[in-house]
Amino acid sequence: MTAQPLRPGRLLPFIAGACALLVLALGAPAQAYPDARVDAQIRPNFGGLITPPLRSPYRPNQWRKPDHKPKRPYPHPGRPHLPLQGGYLNSLSIDCADPNLGPYPVSDALWALADGGVLFIRARGGVCRETLYIDRPVTIIGERAPAFSTGPEPQPARLSPPAGAPCIRVAPGTKGVEIRDMIIEADQGGRSACIEAVDAEIALVNTYVRYAGEAAAIFVSGGRLIGRQSTIEARTNDAAVLVDTATLDFVQVRIAADVRGLDVTPAAGESRLVQVGVVAEGGTLPGSTGVTVRGLRSGGGKLVVRNSYVGGWITGLYVDRGAKLELIRTRVRARRGVISDWGEVVVRESAIWGDEYGGYFAGGAPVIEHNRFGGPRGGLMFDSQTRPALAPNYLYASDLCDPYAQPQGLYCQSLGAGPLQAFAAPDPYGQPAYGPPSYGWTQDGYDRGYQLDGAPVALPPPPPPSRRGLFGRPAY
Numbered sequence: 001m002t003a004q005p006l007r008p009g010r011l012l013p014f015i016a017g018a019c020a021l022l023v024l025a026l027g028a029p030a031q032a033y034p035d036a037r038v039d040a041q042i043r044p045n046f047g048g049l050i051t052p053p054l055r056s057p058y059r060p061n062q063w064r065k066p067d068h069k070p071k072r073p074y075p076h077p078g079r080p081h082l083p084l085q086g087g088y089l090n091s092l093s094i095d096c097a098d099p100n101l102g103p104y105p106v107s108d109a110l111w112a113l114a115d116g117g118v119l120f121i122r123a124r125g126g127v128c129r130e131t132l133y134i135d136r137p138v139t140i141i142g143e144r145a146p147a148f149s150t151g152p153e154p155q156p157a158r159l160s161p162p163a164g165a166p167c168i169r170v171a172p173g174t175k176g177v178e179i180r181d182m183i184i185e186a187d188q189g190g191r192s193a194c195i196e197a198v199d200a201e202i203a204l205v206n207t208y209v210r211y212a213g214e215a216a217a218i219f220v221s222g223g224r225l226i227g228r229q230s231t232i233e234a235r236t237n238d239a240a241v242l243v244d245t246a247t248l249d250f251v252q253v254r255i256a257a258d259v260r261g262l263d264v265t266p267a268a269g270e271s272r273l274v275q276v277g278v279v280a281e282g283g284t285l286p287g288s289t290g291v292t293v294r295g296l297r298s299g300g301g302k303l304v305v306r307n308s309y310v311g312g313w314i315t316g317l318y319v320d321r322g323a324k325l326e327l328i329r330t331r332v333r334a335r336r337g338v339i340s341d342w343g344e345v346v347v348r349e350s351a352i353w354g355d356e357y358g359g360y361f362a363g364g365a366p367v368i369e370h371n372r373f374g375g376p377r378g379g380l381m382f383d384s385q386t387r388p389a390l391a392p393n394y395l396y397a398s399d400l401c402d403p404y405a406q407p408q409g410l411y412c413q414s415l416g417a418g419p420l421q422a423f424a425a426p427d428p429y430g431q432p433a434y435g436p437p438s439y440g441w442t443q444d445g446y447d448r449g450y451q452l453d454g455a456p457v458a459l460p461p462p463p464p465p466s467r468r469g470l471f472g473r474p475a476y
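Mind the numbering: the sequence shown is residues 1 to 476 in the working numbering, read in order.
Keep in mind that the hints were calculated from the coordinates and are not lab data.
Don't take each hint at face value.
[To be verified] In silico DSBU-like cross-links for lysine-lysine, where the CA-CA straight-line distance does not exceed 30 angstroms:
no.	residue 1	residue 2
1	K302	K175
2	K324	K175
3	K324	K302
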C-alpha cells in the first residue's frame, strides 16, 4: 500500500493551527518574578520628577505699523494741540473721554510726540480702547484717581484694547519706553499677549496689568524688561510673564497666575527678582510652576531671586539643564519646592517647604547653605550624581526622620521644634492673589530673623545626638 501525497487543501488546517500556536506564544505577556513586580511598583520615577515645563509656543507676528495712523507730523484734525513749528511736542495731555479726539486719541498723540516725550492720560471715566504701537522712546503717565472727583468710584487712567488685540506693542530696537500709573487690561486677549516687546526696552512702574486669554500676559524677547511696584494678573494656560533671552529686573512686583507664573531665559549678565511675590490661584493644576529658569547652550545669564515669595504651586521653582539660579532669603511653599536638572544652583538662607519634598537636585554641584527645608521626611533629595556643597541646614520633618542618615551639614528635627512662621501658608505681604493693586513691601520674604539688607544671623548647627545607652555604654 503506497502513501498518498497530501493535497494542498488538506494542508490548510495544519498551517492554520501552527499560526495560532505561534500567535499565542508571541502575544502572551511576559511573566515577571514577584520581586521584580514589587520593585517596579515602589521604585520612584525620578525622570517624572524633573520633567520640565513645556516652552511656550507663543511668538508675536512681525511688527508693522497700523493702517489707521496718519503720517507724521499731521495728527487727528480735531486735536487742539498741533506739533510745534520745526519739531514735535515734548509733552502732551489727552482725555480719552473727549469724543472730539477721534477713535485713536492715544495713537495720534504718540505720533505727535518727539523722541523722549511725555504723554499724560487724564482720568475722567473714559477708557482708552485701542492698541498702542510704540516705535520711539516715550513715557506714558496715567492720572491717578482725582481727589476732587464727584463720581461714586473714581478710576485711574485705563487702557483696554478691542477683543483679541494686544494692549501695547513695542517695535524692535526701541529703547526707553516707560509706562507709569496705568491700569492695562485685556479681558478678551485671545491669542495675543497684552504687552509685546522684541529687542526693545520697556519699564512698568506702578502699573496694574490684568489679562485673560490664551497667550502670555507679557511677552519680551531680547532687550530688557523692568518692573517696579506693579501687579500682573493672568488667567491663561501660558506663563503670566514670558521672558525669552532678555534681561529681567523686577523689584516689588506681584505676579498672580493660574498655571505658570514666570518663565525666564536670562540673557547674558544678571537678571533679578527682589521682593517679588509669585502666587498661584488654583495652583493645584497639573504641571503648575511658579518660576521656570531656562538655560542657553552658551552665553546664558543668571537669575537672582532675593527676599521673595513663591507659593501655591505644584512646583515652586524649576531650574532647567544649564540654567543659573541664586535663591537668597526667599520663602517657597509648594508641593515640590525647588527642582534642579543639572543647573547651577545656589540656595542660601531660605525657607522652603514641600508637601512631597522641599528640594530635589538631579545632578551638578549645588551650593546649599543655612536653609530651612520642611517636608514629610525633611524635604531634601539628591540624585547619586549630585555633589552638593552643604553648610549647616535644618530639615524639619512632619514624620520621623533618622538624624544619623543625613550627610554632614544636614540636621533633621521634628517640625514642632522649628519656627512655624518660616513655613506659613499665607502670603508674607498680606495681599490677596487677585484684587486691586496695593503695595506694602516692607516685610522680608524669609523670616523676621533675616532683614532685607541686614547681616543675617544664621542658626548654628545643633549638637550631635548622643549614641550612648542608659549606663553610659555605646548603644551600638
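Hint check:
1. K302 x K175: Since the Cα atoms of K302 and K175 sit roughly 23 angstroms apart, the hinted pair holds (cutoff 30 angstroms).
2. K324 x K175: Between K324 and K175 the Cα gap is close to 27 angstroms, so the pair holds against 30 angstroms.
3. K324 x K302: Cα-Cα ~5 angstroms, so holds.
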